[in-house]
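*Asks:* Both chains come to you apart, so use the hints to assemble them.
If you're matching them up, the sequences are chains A and B in order.
Under numbering that gives the first Met the number 0, the first sequence is numbered contiguously, ending at residue 316.
Under numbering that gives the first Met the number 0, the second sequence is numbered contiguously, ending at residue 289.
Keep in mind the hints are simulated off the structure, nothing from the lab.
The structure presented is a predicted model; accordingly, all values stated were derived computationally and were not measured.
Treat each hint with caution, since some may be false.
What the hints assert, rightly or not - Here are the simulated DSSO-like cross-link-like pairs (lysine-lysine), alpha carbons at most 27 Å apart as the crow flies:
| hint | chain 1 | residue 1 | chain 2 | residue 2 |
| --- | --- | --- | --- | --- |
| 1 | B | K98 | A | K234 |
| 2 | A | K240 | B | K98 |
| 3 | B | K194 | A | K187 |
| 4 | B | K85 | A | K254 |
Each chain, letter by letter, is given below.
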Amino acid sequence: MSKTLAFEEPIVKLREKINELEEYTAVNDVDLSSEIVNLKNRLVKLETDIYESMEPWDRVQVARHPERPTTMDYITRLFEDFIEFHGDRNFGDDEAIIGGIASFEEMPITIIGHQRGKDTKENVRRNFGMPHPEGYRKALRLMKQAEKFHRPIICFIDTKGAYPGKAAEERGQSEAIARNLVEMAGLKVPVISIVIGEGGSGGALALGVANHIHMLENSTYSVISPEGAASILWKDPSLAKQAAEAMKITAPDLKEMNIIDEIIPEVLGGAHRDANKQSVEIRSTLRRSLKTLCELTSDELIDNRYNKFRSIGVFSE
Amino acid sequence: MSIKELFKKKSKVDQHTIPSAKSKADVPEGIMTKCPECKHVILTKDLLKNGKVCPSCQHHYKMTAQERIDHLFDEGSFESMDDHLKTENPLDFPSYTEKVEADAKATGLNEAVLTGVGRIQDTLVAVAVMDAHFRMGSMGSVVGEKITRAVEKATELGIPMLIFSASGGARMQEGVISLMQMAKVSVALERHANKGLLYISIMTYPTTGGVSASFASVGDINLAEPKALIGFAGRRVIEQTVREKLPEDFQTAEFLLNHGQLDAVVHRNDMPEEMNKILKLHARKGAVLV
Numbered sequence: 000m001s002k003t004l005a006f007e008e009p010i011v012k013l014r015e016k017i018n019e020l021e022e023y024t025a026v027n028d029v030d031l032s033s034e035i036v037n038l039k040n041r042l043v044k045l046e047t048d049i050y051e052s053m054e055p056w057d058r059v060q061v062a063r064h065p066e067r068p069t070t071m072d073y074i075t076r077l078f079e080d081f082i083e084f085h086g087d088r089n090f091g092d093d094e095a096i097i098g099g100i101a102s103f104e105e106m107p108i109t110i111i112g113h114q115r116g117k118d119t120k121e122n123v124r125r126n127f128g129m130p131h132p133e134g135y136r137k138a139l140r141l142m143k144q145a146e147k148f149h150r151p152i153i154c155f156i157d158t159k160g161a162y163p164g165k166a167a168e169e170r171g172q173s174e175a176i177a178r179n180l181v182e183m184a185g186l187k188v189p190v191i192s193i194v195i196g197e198g199g200s201g202g203a204l205a206l207g208v209a210n211h212i213h214m215l216e217n218s219t220y221s222v223i224s225p226e227g228a229a230s231i232l233w234k235d236p237s238l239a240k241q242a243a244e245a246m247k248i249t250a251p252d253l254k255e256m257n258i259i260d261e262i263i264p265e266v267l268g269g270a271h272r273d274a275n276k277q278s279v280e281i282r283s284t285l286r287r288s289l290k291t292l293c294e295l296t297s298d299e300l301i302d303n304r305y306n307k308f309r310s311i312g313v314f315s316e
Numbered sequence: 000m001s002i003k004e005l006f007k008k009k010s011k012v013d014q015h016t017i018p019s020a021k022s023k024a025d026v027p028e029g030i031m032t033k034c035p036e037c038k039h040v041i042l043t044k045d046l047l048k049n050g051k052v053c054p055s056c057q058h059h060y061k062m063t064a065q066e067r068i069d070h071l072f073d074e075g076s077f078e079s080m081d082d083h084l085k086t087e088n089p090l091d092f093p094s095y096t097e098k099v100e101a102d103a104k105a106t107g108l109n110e111a112v113l114t115g116v117g118r119i120q121d122t123l124v125a126v127a128v129m130d131a132h133f134r135m136g137s138m139g140s141v142v143g144e145k146i147t148r149a150v151e152k153a154t155e156l157g158i159p160m161l162i163f164s165a166s167g168g169a170r171m172q173e174g175v176i177s178l179m180q181m182a183k184v185s186v187a188l189e190r191h192a193n194k195g196l197l198y199i200s201i202m203t204y205p206t207t208g209g210v211s212a213s214f215a216s217v218g219d220i221n222l223a224e225p226k227a228l229i230g231f232a233g234r235r236v237i238e239q240t241v242r243e244k245l246p247e248d249f250q251t252a253e254f255l256l257n258h259g260q261l262d263a264v265v266h267r268n269d270m271p272e273e274m275n276k277i278l279k280l281h282a283r284k285g286a287v288l289v
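So that you can see chain B by itself, here it is in the shape it has in the complex (with noise of 0.2 Å):
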């Protein structure tokens, strides 16, 4: 190397510290964070053993499919499946395939959903966590397919099924085939109830389009999370077919509440508590008094 090389001034670009995908991904970043909803600022940390809800206005962050499981189970007692399982391009839509390992990249997961089987406070369960990181949550085969496996699993061993749906519906990409997907879990939907089975559905922010017109609506309970968007046509589509101000509350969780839509909307960090008081009186199903 040469005196003068050695003296050479460095170009800016390499000393750059490249944000990583998967950090872009996840909503908080940094040291601290603003609550998007009231602005209140908050170490990142406490966020995080806060579930994710703002402690000053009670807003939940979205969740990754990981963060959900952790947030639920008992530590280390998940078990992921299907794992493997690979989106193609029925469609040969430009881009698609790109796009799809894009978000798996950043997400860490193969798909919009990770699925499995694990325990809440001992009881067993099989689940389905929709991740609306990875393409907003939607709906293609592969998505359909590890559902319906984790609802034939349940079957199998004859346990409740647990699905959380984030999605924005159907995924454009793979077109009717995608939205054959909803009837797909929904016969896998129909075996495990007529087994007298329980299927748990809480809808998180957003649950819209074929999710929600299929499996997120069909609990033998239904739950949701403050606020939560759910609702199956869009807003902005809405307001242009009846030309009309919608009311502010409008497919959120608390308006279907209201609506006859739900069982209950639960707060995040009452949510395992609560999951738990179900599960353990399903598990008590034709108990008799002495």
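Isolated chain A (complex conformation) (with noise of 0.2 Å):
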């Protein structure tokens, strides 16, 4: 069993009970069976309940689990042939992002995303998913690759937010950051970026400038984490709850603001539940945006991505 979140206890609970009971028939003789498919019609029931009506906390929790699918996840479920590239040719290789070519249903592609570690180990090789400006470099090193050769490219989001620390500020974290989004603009191939757990403010936009937005329903795209805006806003990190909801970060949230294009379904409880089931829902929505933008000549791609962000913006004239 998996990590349980906090507003996922009752149906833990129940299922824990359900489970009692079985047991306790297996090795008595007592029929205990109308009782059980009652409990387990009431989880059934429960679960649609708590995981239809989730608060941005719960998301917020969901997006960060621990077991959330990464992007070498999807990679492996929705590409064939995949080829990591490594490097940014100027200072080394992040591994915080990872990049290569794939094929998807027969299509050349490109993939560049942000790559947490599963467990300790790998999290320390891999930054947490945080990137140094080599890592935004190697993405735009293999973007332009991608444009030379007429590939779309596809972009994973999944960081709390560029690393601040002393060496990526020395290197230029800030200009490497800007200059993907400068550059981004300018791309002639289709671009689709999907935030599949944390989209992290500018160390999430820097995979962001795309043609298409997609949002896993559970993720979350903000401009702060939660625990940053309640510090700032409130001088309280404890009020992260609150400002989880105040500033409206979740993929439905988005999507009324106008910032995405689709939210993609989870399976019920979250990805991390079923990451197959969860690919074949990233699958169809890639597909169809593909489908769209391949359509799109070069000039089109790049006037499509600047309607798109030079329409965001809330004020009255």
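*Replies:* Pasting the structure below:
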């Protein structure tokens, strides 16, 4: 059983009770099958109730679930012949971002994504999916490569943010992110970004200047973490739950604000419950998106991206 | 009026001059100003004459957007744009509207950036000057929109774009919409660049967060004022993350110059001449030897 999140407690308790009864009937000669069926029906209802009325903070917890599928989990399920390419050709290889080429239903594509680790050891190597400048520069190199060979680009966004470290500043974290924003604007090939976990601020946006932006149902996209927002706005990081609501960071929020294109439905309880099933959902969105964008010319793609971001903002004249 | 009232002591409060919000917002107040760096005391009018630079230690005081324009542009040549845009409260943050309105009143600006078109020693340029006196120069929808429109104006007229950054970063109260302004300005700058036009970014105190991680860092030429604070993440956040003491000059203009992130650090009083040189050299694009 995977890690339980606070809002899932009632489900876990009921499931435990069912297990208990089942074990009891197995050992003792008592027929409780009708009770068990009843409880199982209740469980289904309870699960639907709870998972379909998730609060923003619940979604944050699911988005951060340690077993939530990562970029690599989706790469292996969605694409064939993936070859990873390394390095920014200037400084090093940042394992917080992975990239390479593969085929998607026979179509050659370039894939770039933030990569978290599955355990502590891998997380140290991948810096918990928080890139340094060389990560963004590798991403840009692969995007330019994709453009040269007319391959669509698919980005997976899954980061708490760009790494706030000394070395990152020295090597130009700001410039690396900023450069990607400008260069992505002018790419002559289709760009699709999918937020699969946390979309943390500039570090996420640096892979996000896309023609289509999709979000998994329980992913988040925000200018700052709920904890960070709470400490800046109310000087109290423990108000993160309230900040998660106030900042409007969930997929339905971003859809309502017209910033993203599609919400990709998650399997009940979250993507970590079934990465295979989740990949099927992503595949159908990706396929639709690619089909639409591949019909556009280079100029139309650039105009499309321009208009998309040009129109974001709320003000009056 | 009765005799009694005539002799009644007037309440003290009536006789106080209440300082206007505007004078509070401006750094030099009163006849004399004391430098926060070297404690040198100077006549405020002399400080203003010296471009708000301390003559003793060269400390660059914060400038308002209007002061920046007056300092650099040919007299009377600047025409502002989009002063009518008004900030909304998209996430319904309590007291956000009031805060913006108070800053608008104090600074005389509609938002944290002043944009327009004007001439620097006869060269026509479009410009955006951010003002850190307004919500710390943070970037919300109106700031993003004003800068984008200024860049589009530059593209349309085929003229250079100048952006003076002074910003703490994103506007928290506008959430992800604020984040997206980084992308909005960037797509506009890409079009400007694509036309072969010149973009000069000038970073002033402070240029941090989302502004540093977008338009401020991608000038064809990146300049900064001496000692300006420039960086992506806040010093305190980095110290907590890396658990080590950071060098004193960390994230200063000089630090960035040393690490290859800037073309030059330019003293404010040299800026008009340096800017003129750069603009004139670019105006002669394609000229050949005879």
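*Asks:* Indicate, hint by hint, whether the structure satisfies it.
*Replies:* We went through each hint and held it up to the structure:
no., hint, verdict
1, B:K98 <-> A:K234, "18 Å, holds"
2, A:K240 <-> B:K98, "24 Å, holds"
3, B:K194 <-> A:K187, "16 Å, holds"
4, B:K85 <-> A:K254, "24 Å, holds"
Hint violations for this structure: none, all hints satisfied.
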